[in-house]
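Student: Reconstruct the complex from the two isolated chains, following the hints.
What follows is the residue order along each chain.
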Amino acid sequence: MDGEFEQQVEAMLRGIHPDAEHVEIHEFGPIPGGFSRETYRFDATIHIEGIRERHPLILRMDPPESAAILDTSRAIEHDLIEAIRLNTQIPVTESLGHEMDRSVFGEPAMIIRRSHGNSSTTDLFHDGPDTHQVDDVVRHLCESLVELHQTDISTLNPDGHLDDPRGVGIDASSWDRYMDTTFEYYLDNYPKLNRDPLLCILLDTFLTLRRHKPRPLPLSLIHGDFNPANFLYADGKVAALIDWENARVGDPREDLGWMMMMDDLSNTKIMSHPVDEGGFLAYYNKLTGYEITEQELGYFILFGSANIAVPINLAIKRRVNGENRELLHLYLVQSSTPAYPGIAQLLQYPGVPA
Amino acid sequence: MISSPTVDQLLEGVLIAIDDEIMPSLDNPAAQATAQMMQSLIQGVRQMLPVIDEQLVDEHNDMIRTLVDTAATLGDVPGDAADRLRERAATLGQWEPLPAPPDRDAIVAAHIELGRAIEASFLDLDELQRAGVARADEALNVVRAHLAPRYVREAETFVVGDGFVGRS
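In order, the protein sequence lines correspond to chains R and U. With my numbering as the guide, the letters of the first sequence map in order to residues 1 to 354. With my numbering as the guide, the letters of the second sequence map in order to residues 1 to 168.
To be clear, the hints were calculated from the coordinates, so they are not data collected in a lab. Possibly wrong hints are sitting among the right ones.
Unchecked claim - Partial chain R-side listing against chain U, Cβ under 7 Å, derived:
1. Cys200
2. Asp204
3. Val320
4. Arg325
5. Leu330
6. Gln334
7. Thr337
8. Tyr340
9. Ala344
10. Gly351
11. Val352
To be verified - Ranges between beta-carbon positions, derived for each pair:
12. R:Phe5 with U:His60: 53 to 63 Å
13. R:Glu65 with U:Met37: 28 to 38 Å
14. U:Ile107 with R:Asn324: 24 to 34 Å
15. U:Asn61 with R:Pro30: 50 to 60 Å
16. U:Asp19 with R:Thr122: 32 to 42 Å
17. U:Leu41 with R:Gly15: 42 to 52 Å
18. R:Leu314 with U:Asp19: 21 to 31 Å
We put the CB at the ideal spot given by N, CA and C, even for glycine.
One chain only, chain U, in its complex shape (with noise of 0.2 Å):
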């Protein structure tokens, strides 16, 4: 997965390009509209996604939690109201709580630093290749076993369909 330039810096491109770009060349009042809409929204992606994960599981952890305490204040009043709220505590109410996702930060940080051993690994098994130690050619294998799907499931996931702009 390509982490540089990071999601945030693809997001502030987009922005800076509806600014610079496409806000000036534009007469029609809809569409100015529409561009600081556009501009708007993904100002408001930008904020959501450092944030998204953690406050998912916050959120899940404390519905869980509320879903008990809920109950418990209600103590043991009758009806069949009262019964279905007891129910999901007694359910939904004992799931495990999720963990805290990681940092994000610290997980592209260590991806960084495994991604230049691999490289470095390309220099070493060089030097071997052309020393002519045979061997080296099989570890050079195992290193692109490793890479292929990763290039494989990178134009999957980020490549848009008729996505590709220029000279048709």
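Chain R on its own, in the form it takes in the complex (with noise of 0.2 Å):
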């Protein structure tokens, strides 16, 4: 990290800690992985009153405006965070601010606490070391998902920034207006997309999807990416449920729709606890009274496929107009090349195999 980075670090938790006498930066680096937010842990020790504190933490910034395939918000994050964590039991590290002027950082950013725990959540699987706690780990993770769903909404997005985050036309006012102008973006996007002739499986999945709208369910406050990699564990509880860019009002089977697909992907065994609840969803169906199926989270797969495949494929579209020089935005053709056969299984493609 070079000198001028870090004193803006510095110039930061100075702002958020305005009667802090020193600040001082110590083992700045970067955590590796994550397409979509940079991402750097460092500690920081606070002079207050001639009492110093050490605090874990990490800086989360935007990736340069070119090479953005979400167009989020650190300051809705920010808020999200801090409205989840004042409000509610579900775990969450604290988020300490955020700073939009991109003359400071080059992009926006946000610091927030490191949590402590584990986030190689795989040892809670197989022959991993953890496999006595996963029962419990994820017991809490689904209690917790429950607790987000169930929240007022108006608790966490008080001033309807997540009815929209992302500004592309969705109306939150009601679960049909939601499902229908979600369909709309899809399909008024599919022609700005990377369009090869291989894409128009996504077309094929945008019609299905409105052709077949499931029955109606409370919308809530959705993480967004509720996968397997986004939370942390220690001593058979969740530490923390991470990378909240994504979150949104939206249906709750969408989280659960993606953990499932995630899961499956990451040969993890979420969806497969608790035991004695007979599984996640079993459990989130007992916490709720939801009554979901398995049908139905399939279909959200779908819709959690299309949401993630419309920004993705207008990012490489970008690329290959020439409009950046990112290799990221060509990778994504082939790291996304893996899930067609998954959604043709999906709809029901003749001779795809399981």
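Tutor: In structure tokens:
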């Protein structure tokens, strides 16, 4: 990290702690992995009234505008994390503040507290070292998700910023309007995507979703990227749910469907726990009374895949058009390809192996 | 088979990333030389790809002609070596020349046009299905049955085992 950047982090922390006499940054370094945000870990020693406290922190920064895939706001993410932390029992790390002025870090950024706990959630499964904790951790994960889905939306989204956080025309005034305007968003954007002929399965997906709208459920605040990599755990509990950038008002089955798909792709077994409750979905249904079926989750796997496929293929289009030099956007072509047989299977294409 | 981005665009993207993201971070001379060799090889592959089929066919056909012409030039020169040359002209030299490979750009353009027609079929079938036409369901299955093996084949061809990067 260059000195100027380090000074900016210090200055931001001074702004957050105006009573601090001194702020020192230690061990600043990037956290590898993750496509959507650049993250750095560091410790900050803050001196206030003669008392020194060392804080484990993370700087979470937007990628350059040309490289961005999801257009989300660090200010909205900060407000949401704090609303969750202050109003619910859902485990999240504190968000200390955000800096939306690009002249400071080059891109908008936020500082959050680093959670304790193990982020290698694969340790809970198969022959991992923490298999004895898995039922307790997943039980808590499910209870946290239920609390998120059942907390009054206005508590977590008082300004309505999460009704349509990407600004793509979603109307969350009712479940029907939410679904219908989301279909419109998908279909209106299809002609703007990088339309390789192979991509026509997305058009089929969008149209099929619109033809087969499921029964309504109450809208809720959803995580938007609820997957086995987005929580940390310790001592049989979830220590923190992380990566809230795609949170929005939506159908709670979106989070469940996404977890079901990512659980399969990650070779974890979250959906099979807690065993004594008959698995994640059964326990979720017991706590909510929603009686959601696996078939419904199949629908919402497609719905969630469409939700991410649109911004991804818009980004690929920008790269193919030469609007930037990002390798990531070309790599997304390859990394998206394994999803298509899975989508074809959910759409019941003849002859696609399970 | 994906045609957008093109193979050339993918390779160019790798070259650019080596230039923009990797070279500036390399302070080891051996690593810099390796990165430059990688760029050189990738650029060579980019230049080879558009002409490889055409040149293979051209060289294939010219080798047939050369075997025949070589033996003809020798005429009735005696000896085992000359016999072997005439034998090659009589066997390999009689192979049929290969046809010129089709124009890749023309194939891609036609492929895209047909792909657009498949897309349009989805829209028309959706309109019929929403109007309650039961046979549109069957017709949709015909389109899906065509596409299904393409997606499986694409994943088998283009996706690299353990190639997924990101948070583990």
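Student: Each hint needs a verdict: does it hold in this structure or not?
Tutor: Here's how the hints hold up against the structure:
no., hint, result
1, Cys200, "holds, 5 Å"
2, Asp204, "holds, 5 Å"
3, Val320, "holds, 5 Å"
4, Arg325, "holds, 5 Å"
5, Leu330, "holds, 4 Å"
6, Gln334, "holds, 6 Å"
7, Thr337, "holds, 5 Å"
8, Tyr340, "holds, 4 Å"
9, Ala344, "holds, 5 Å"
10, Gly351, "holds, 5 Å"
11, Val352, "holds, 5 Å"
12, R:Phe5 with U:His60: 53 to 63 Å, "holds, 59 Å"
13, R:Glu65 with U:Met37: 28 to 38 Å, "holds, 34 Å"
14, U:Ile107 with R:Asn324: 24 to 34 Å, "holds, 29 Å"
15, U:Asn61 with R:Pro30: 50 to 60 Å, "holds, 55 Å"
16, U:Asp19 with R:Thr122: 32 to 42 Å, "holds, 35 Å"
17, U:Leu41 with R:Gly15: 42 to 52 Å, "holds, 50 Å"
18, R:Leu314 with U:Asp19: 21 to 31 Å, "holds, 25 Å"
In summary, the structure agrees with every hint in the numbered list given earlier.
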